[in-house]
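Participant: This is what each chain is made of:
Number of protein chains: 2
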Amino acid sequence: MQRKKAAAPVAADSTGFGAKLDAIHSILDIVISYCVRCGAGVSFLVPAGDNLPRHVCNACGHVHYENPRLVVGCVAEYEGRILLCRRAIEPRRGFWTLPAGFMENGESTAAAASREAREEAGADLIIDAPFALISIAHINQVHLFYRGRLATPKYSVGEESLEVELFALPEIPWAELSFRSVTLCLERYLADRRQGRYTFHEAELAPAQPLNRPG
Amino acid sequence: MQRKKAAAPVAADSTGFGAKLDAIHSILDIVISYCVRCGAGVSFLVPAGDNLPRHVCNACGHVHYENPRLVVGCVAEYEGRILLCRRAIEPRRGFWTLPAGFMENGESTAAAASREAREEAGADLIIDAPFALISIAHINQVHLFYRGRLATPKYSVGEESLEVELFALPEIPWAELSFRSVTLCLERYLADRRQGRYTFHEAELAPAQPLNRPG
Numbered sequence: 000m001q002r003k004k005a006a007a008p009v010a011a012d013s014t015g016f017g018a019k020l021d022a023i024h025s026i027l028d029i030v031i032s033y034c035v036r037c038g039a040g041v042s043f044l045v046p047a048g049d050n051l052p053r054h055v056c057n058a059c060g061h062v063h064y065e066n067p068r069l070v071v072g073c074v075a076e077y078e079g080r081i082l083l084c085r086r087a088i089e090p091r092r093g094f095w096t097l098p099a100g101f102m103e104n105g106e107s108t109a110a111a112a113s114r115e116a117r118e119e120a121g122a123d124l125i126i127d128a129p130f131a132l133i134s135i136a137h138i139n140q141v142h143l144f145y146r147g148r149l150a151t152p153k154y155s156v157g158e159e160s161l162e163v164e165l166f167a168l169p170e171i172p173w174a175e176l177s178f179r180s181v182t183l184c185l186e187r188y189l190a191d192r193r194q195g196r197y198t199f200h201e202a203e204l205a206p207a208q209p210l211n212r213p214g
Numbered sequence: 000m001q002r003k004k005a006a007a008p009v010a011a012d013s014t015g016f017g018a019k020l021d022a023i024h025s026i027l028d029i030v031i032s033y034c035v036r037c038g039a040g041v042s043f044l045v046p047a048g049d050n051l052p053r054h055v056c057n058a059c060g061h062v063h064y065e066n067p068r069l070v071v072g073c074v075a076e077y078e079g080r081i082l083l084c085r086r087a088i089e090p091r092r093g094f095w096t097l098p099a100g101f102m103e104n105g106e107s108t109a110a111a112a113s114r115e116a117r118e119e120a121g122a123d124l125i126i127d128a129p130f131a132l133i134s135i136a137h138i139n140q141v142h143l144f145y146r147g148r149l150a151t152p153k154y155s156v157g158e159e160s161l162e163v164e165l166f167a168l169p170e171i172p173w174a175e176l177s178f179r180s181v182t183l184c185l186e187r188y189l190a191d192r193r194q195g196r197y198t199f200h201e202a203e204l205a206p207a208q209p210l211n212r213p214g
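Taken in order, these protein sequences are the chains called A and B. Take the first sequence: its position 200, counted from the start at 1, is 199 in numbering that gives the first Met the number 0, and no numbers get skipped. Take the second sequence: its position 80, counted from the start at 1, is 79 in numbering that gives the first Met the number 0, and no numbers get skipped.
For the record, the hints were derived by calculation from the structure and aren't laboratory data. Where a beta carbon is used, it is the ideal one built from N, C-alpha and C, also for glycine. Among the clues, some could well be false.
What the hints assert, rightly or not - What follows is a set of in silico ranges between Cβ atoms, one per label pair, in the way DEER data are often shown:
hint, chain 1, residue 1, chain 2, residue 2, range
1, A, S155, B, Q208, 33 to 43 Å
2, A, G40, B, N66, 40 to 50 Å
3, B, A202, A, I29, 27 to 37 Å
4, A, I29, B, E201, 30 to 40 Å
5, A, V62, B, Y64, 13 to 23 Å
6, B, D127, A, C59, 21 to 31 Å
7, B, C37, A, V62, 12 to 22 Å
As the list claims (entries may be wrong) - Among chain A residues calculated to face chain B with C-beta under 10 Å, some are:
hint, residue
8, P67
9, G105
10, A110
11, I125
12, P129
13, I135
14, H137
15, N139
16, Y188
17, T198
18, E203
In isolation and in its complexed conformation, chain A is listed as follows (with noise of 0.2 Å):
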């Protein structure tokens, strides 16, 4: 188990995958061309009174702000196992995920994460509170993750899921875990349990660099 814990961050970086993945997200930022008010084109230009770009209307003036997504998400446990989704949409697909997903307006960040379990593992969380906060600036993220419970071992594979799981500490795919934000928590988590006392965690990822290899 230390064994493959150890090797996990080195493992996902050294393929560069962390990296075709930051330009995946980039690519998948789409640009606002045409204003969403009045259908008119659109400069990208500091507005008055303002101090960075933003995409404003040639006609109407409306200025289009862009601000980071929040992914919330949790680690629940259920008889000390962890609640791990193997992810059936990419990015990452076929890697191995806690539940999390885009926020949505209208709810708050702890329904966002009972929600997301709803919906990619069937199963209803306990959410016990707020446990980690990763900022990912090149990708406009933060990560939010709580923690929390099943209160039965009730589970099912959500649409975007291909298997979810409760795993046995010895047993966490750390080699197949689909994003460092998740390697990252998981790594606190477990570092917090054996302590026997949880905190609050913050970090930042800045993005992944390939190790350079021989040959």
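Guided by the hints, dock chain B onto chain A, whose structure is given.
Facilitator: What follows is chain B alone, placed relative to chain A:
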């Protein structure tokens, strides 16, 4: 001091101003009528494989996702006094607030808190730790407050502020605070400070209800 503090939330809600503010926030949310990618009209419908209605382009099919925004700020102390700014902009012009604002793309949450203090209060903060996370689902916002310190008592009035002051605790203008999240955060902060131990706080704010008043 106790009198002022206890009276604050009631005074703020009894005016119904909170409810009016919610209405203003909703109006300011621009309806998406045209596609940002191709300029064609959009329809509000549930895309295939989704479970919530989105603005979907009638021509190119682009889905316009809308997600909650993060407002990030800081409770900053200097020699036991708290840094507050009197707002020069709507909503709540003339009321006192913790330095805070919308997080921008490309920055971490801690960087956002620092930047807001610099812009609104001309203050360089030492950011210590995340302190409070407040979901306000009905206006699609999440407020995150850090706790921190001014390295020196140097501050100035930024463009979005009418005044900036360090307030000793008995002088905090509870009845003139700008937003319920600010009041809630300051109350929790001072309660933790009295106990000599800071924890991480989570809360949800529902729409403000005007009190029934005689006459």
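Participant: Compare the structure with each hint and give your call.
Facilitator: Taking the hints in turn, this is what the structure says about them:
1. S155/A - Q208/B: 33 to 43 Å: At 39 Å between Cβs, range holds.
2. G40/A - N66/B: 40 to 50 Å: Violated - the Cβ-Cβ distance for G40/A and N66/B, about 25 Å, lies outside 40 to 50 Å.
3. A202/B - I29/A: 27 to 37 Å: With Cβ atoms ~34 Å apart, the hint holds.
4. I29/A - E201/B: 30 to 40 Å: holds, 33 Å
5. V62/A - Y64/B: 13 to 23 Å: At roughly 19 Å between Cβ atoms, Y64/B and V62/A fall inside 13 to 23 Å, so the hint holds.
6. D127/B - C59/A: 21 to 31 Å: Since D127/B and C59/A have Cβ atoms about 43 Å apart, the given range 21 to 31 Å is violated.
7. C37/B - V62/A: 12 to 22 Å: Because 20 Å falls inside the window, the suggested range holds.
8. P67: With a closest approach of 5 Å, the P67/A hint holds.
9. G105: holds, 5 Å
10. A110: holds, 7 Å
11. I125: violated, 15 Å
12. P129: holds, 5 Å
13. I135: holds, 8 Å
14. H137: holds, 7 Å
15. N139: holds, 4 Å
16. Y188: violated, 15 Å
17. T198: Nearest chain B Cβ about 8 Å off; hint holds.
18. E203: holds, 5 Å
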